[in-house]
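First to last, the sequence lines map onto chains A and B.
Those letters in the first sequence? Residues 1 to 315, per my numbering, in order.
Those letters in the second sequence? Residues 1 to 355, per my numbering, in order.
Incorrect hints may have been included.
Simulated crosslink set (DSSO-like; lysine-lysine; CA at most 30 angstroms straight-line) [stated by the list, open to error]: (1) Lys123/A with Lys89/B; (2) Lys114/B with Lys123/A; (3) Lys260/A with Lys72/A; (4) Lys158/A with Lys260/A; (5) Lys60/A with Lys72/A.
Since the hints were made in silico from the structure, they are not lab data.
Predicted, not measured: the structure shown is a model, and the values here were computed from it.
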Amino acid sequence: MGRFILRRLVAMIAVLFAISVVTFSIFNVIPNGDPALRLAGRNQSPDQISAIRRTWGFDKPLYVQYAKTMEKVFTGDLISYANQVDVDREIIQDVPRTFSLAIGAALMWMAFAVAIGLYTAVKAGQFSDRFLTVLALIGISMPVFWIGALMNYYLGFKWKIFPNGGYVPLTENPIDWAYHMILPWTALSLLFIGVYSRVLRSNVLDTINDDYVRTARAKGLSERQVLIRHVLRNSLIPIVTLWGLDFAAVIGGGAILTEKVFDLQGVGQYAADSVGQLDIPPVLAIVMFGAFFVVLLNTVVDIVYAALDPRIRLS
Amino acid sequence: MTPTPPILEVRDLAVSFATDDGVVQAVDGVSFDLRAGEVLAVVGESGCGKSVTAMTLLGLTRSSNARFSGTAQYGDTELIGASEEQLRKIRGAEIAMVFQDAMAALNPVQRVGKQIAEQILAHEDTSDADARDRCIELLERVGIPRARERVDNYPHEFSGGMRQRVMIALALSCDPRILIADEPTTALDVTIQAQILERFRELREQTNAALVLVTHDLGVVADIADRVVVMYAGRIVEQGTLDEIFYDPRHPYTWGLLGSIARMDRPRPKRLPTIAGLPPSLANRPTGCHLRPRCPHEFAECVKIPPLEARGESIPTHPSTAEHTDRCWLSTEQKVALREFAPGEIGLGTKAAAS
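Construct all of the structure, not just a fragment, from the sequences and the given hints.
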């Protein structure tokens, strides 16, 4: 276990290094990527630009620039080229919003997916199964920017059932926080509920015919105990992997569309805005931030997986 | 055998499944009695309906495409028509099952102790600690060394034989009156098989439980059974005591089964005799006697279904009990004469000569 975590830690450093190099390089090869142009602002003269090049070190070789930028990432001195704001402060401001969205949505989609997946598997072939299957397919097919905008317009703006975007910190008012988050959570969860409930349904249908489920019935357990303790427990194991990876993507700022549609001003939205301005420092920092969660949750998934299935040994 | 009243009376049990290929008649008119302390072997080729018969007794074959008829009277309860709740109380507590492949039949992600305790807790109002103590005791009783530590192991941490012992410990945990073992030793090598059979024997002596042993291994049957039911294509074709079936088999199918065993005590045949042909598809069985297409002794009468009845009274040289019944139109004299020429060496003659 200790060795396993150590190895993953080393792998994490390697992954973060590789990702930072790739991200940094991309911005130096794309047209119009020159950071001096961003810093110089609108009314720029060639003299200004070359002065900026010197002071910011853009005239140095790329690897020196990379090393300097990375140093700033770790010391927290990273400054946005587009508006000279401290990147770390900006991210720290955005993180609670992204975390609120990701954690809430992940719990929501898992809970609904388990309930719907199990129900449709038990009712397989019946009307309720088919009905929910169609609903799941609709959920999978609806893009977030569309359903999110609809929800915002009707539920938020027109009928005023929910607030029309915005964010209230959890520490300030938990009820208001949840009230503001319900629409984003729902919009983000719909797709995942659709996918996960379908996967779980087929897992349950596979498991329900396993010999040990028959044994469980032969023991005299109630159908409910058989389903929860034996069928669901074993059907959930593959879902955990899926869940960990999707959660990692969302918490690392991957729910860009949802954040944008509901104007949550989270990390994803910040990343998207920064990419639009070809602003390397925030993009670099957020990419590393996201990659960190992906690697971290991968490791967590492996550990949880081994805990759920004793046949798997971490090595 | 002591004429105690049967604890389980199965009458005209029929099970069919509606499938894409038509209606599969898995079990067709099966009747037998089971008495306390008795070992009843149900033998036959794969797919003859023996496992379905066993599982149907506990309602484990119930599904939306299954149809049942007939009765299985256990005490005051008729098992075939019983509600799920009635059956739930009987399953594991009064009638327990040992399945063939213990690796698949035990939950891979649950500790074995927990799997056994779960059954105890499902039927008895007792504490977790008490259930655990009983698990350890049970594991010791079926011969698992260091049971106190092994109780917390997972199924994959046991060897095949030990896993089957866990299965048996599980089945015994509530002192059932009937133990149904579905090919309990098929996946095991012969030494382990002998040990497992020894456990069954001990058990029956200790608890006077009845054992229904579903198997296609006639060696196991010879070792442990009191009475034998021979099934073919969903029907019982012959039924009798162990000696009657092994030393005085009446049905050509039984001759075939007995003839196709490799025997140490006879000169080795050039080729091990087999029963020619394959069992019929249960979705499309021949009319009349189901063995007809494979039977060398077929004659005009065989297009009608022969009843399962005692036919032995007529010849004084081969007396048998009223319970020795078979489904074949041949006369007993013909059978006695014909089986002498059946392929393979059937354990014919008197019991004394063979033993």
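query = Quick one, are Lys123/A and Lys89/B close enough, alpha carbons at most 30 angstroms?
reply = 25 angstroms, holds
inquiry  = Lys260/A and Lys72/A were given as a pair; does the straight-line alpha-carbon distance stay at or below 30 angstroms?
reply    = Given that 30 angstroms is the threshold and the Cα spacing comes to 28 angstroms, the pair holds.
inquiry  = Can you confirm whether the C-alpha distance between Lys114/B and Lys123/A stays at or below 30 angstroms?
reply    = 29 angstroms, holds
ask   = Under the criterion that the straight-line Cα-Cα distance not exceed 30 angstroms, is the pair Lys60/A, Lys72/A satisfied?
value = 16 angstroms, holds
inquiry  = Hinted pair, alpha-carbon criterion (30 angstroms max): Lys158/A, Lys260/A. Please report holds or violated.
reply    = 19 angstroms, holds
Comparing the model with each numbered hint stated earlier shows that all of them hold.
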